[in-house]
Amino acid sequence: AQKVTQAQTEISVVEKEDVTLDCVYETRDTTYYLFWYKQPPSGELVFLIRRNSFDEQNEISGRYSWNFQKSTSSFNFTITASQVVDSAVYFCALSEANRDDKIIFGKGTRLHILP
Amino acid sequence: NAGVTQTPKFRVLKTGQSMTLLCAQDMNHEYMYWYRQDPGMGLRLIHYSVGEGTTAKGEVPDGYNVSRLKKQNFLLGLESAAPSQTSVYFCASSEGLAGGPGDTQYFGPGTRLTVL
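Here the protein sequences come in this chain order: A and B.
Counting with the numbering used here, you get residues 6 to 120 for the letters of the first sequence.
Counting with the numbering used here, you get residues -16 to 99 for the letters of the second sequence.
The following block holds chain B by itself, in its conformation from the complex (with noise of 0.2 angstroms):
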């Protein structure tokens, strides 16, 4: 049971250049989301989802997508890369439906990203 897992765990972009970071949660729970965390700034709820083909803005949407065409993964996408996303990424995820209100978001260990 790997729990969160996200790839890539490091990445360096120049501005302009898109990329797509992968979330996968093998505990079969109905929600994900992606936030940011910047010095200082705490964790930014970007995007989420509350069930396969479902996704929602966040506190920061602007200049990432996402798609969750599969129960178990969960895609940001950036389509053209600013310095001002040089950020850590967390994705996370929880039982959603089947838990109740306020579940536990369980998350994965963080992609670091630089853009350039």
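One chain only, chain A, in its complex shape (with noise of 0.2 angstroms):
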């Protein structure tokens, strides 16, 4: 069955320090696809990053930067030189292939940036 782990409920950190965000999967598919999304304030969900199981390089966008390890079933998250507005709540997600592409989002965590 496919499970999603986040197990850092929240996370507080100055602003311009680094911070990692955990996320383990389950799965016994071998073509999976792995979604981070970020939830602000305001509620709405945004749509950071996919990637599929095959494509295990790390991925860089600007100050976000993603680890995608198969061997440990983690895609971390990582933002670098955090800003105050980086505040947000951030889902984890698991998609498998041939499943209508219904997804199973982690509990998230809250991440909170102190000035």
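Just so you know, these hints were derived from the structure itself, not from any lab.
Everything hinted at is true.
Straight-line distance between alpha carbons at most 27 angstroms, and here's what the computed DSS-like set of lysine-lysine pairs gives:
no.	chain 1	residue 1	chain 2	residue 2
1	A	Lys112	B	Lys(-8)
2	A	Lys107	B	Lys53
3	B	Lys(-8)	B	Lys54
4	B	Lys40	B	Lys53
If you follow the hints, you should be able to join the two separate chains into one complex; please do so.
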């Protein structure tokens, strides 16, 4: 069965610090997709990244980077030089192929960036 | 291009009342989804649709019904609202068949529903 675990319920860091949000997933499929979404205080869900199981290259987008490691079933998200605007709840999610694109979400990590 | 829109944004119901939430998307997406978000629970899938005229159950379907009469619209109905259905409801859509497996889902702004 698919499962996504975000063990960190809440994290607080001071602005400009780096922070890593952990995500561990479980799946029996060899083809699957991993996502990160951001939910700022305004409430909407913003898509950040999608990764397929065959692409283990790390990705960097500005201050955001993602580390995908199949060996540990992890897809961690790092924010470098954090800013107050990064304060949000971040969700990691998993979708298995041939399952109508259904996504299983983790319970989220609430990130507070303190000025 | 509005993306995914939801109507209404807020609603307060009394126990036993019924209501329908409307989701509309203008991206010509095949797949649409309804989720509920509760504190500490993340998002849980209620029902979804893989095309016009089709619907399927998700993780928490009880107490809800859905319809997809038009490709661009996905309706979520509560026939007899209960306090346990107090939640924030999100609609999402994805390309589905056209985009391939594991398509990204794009979300609406959410509807905050309170059942007294």
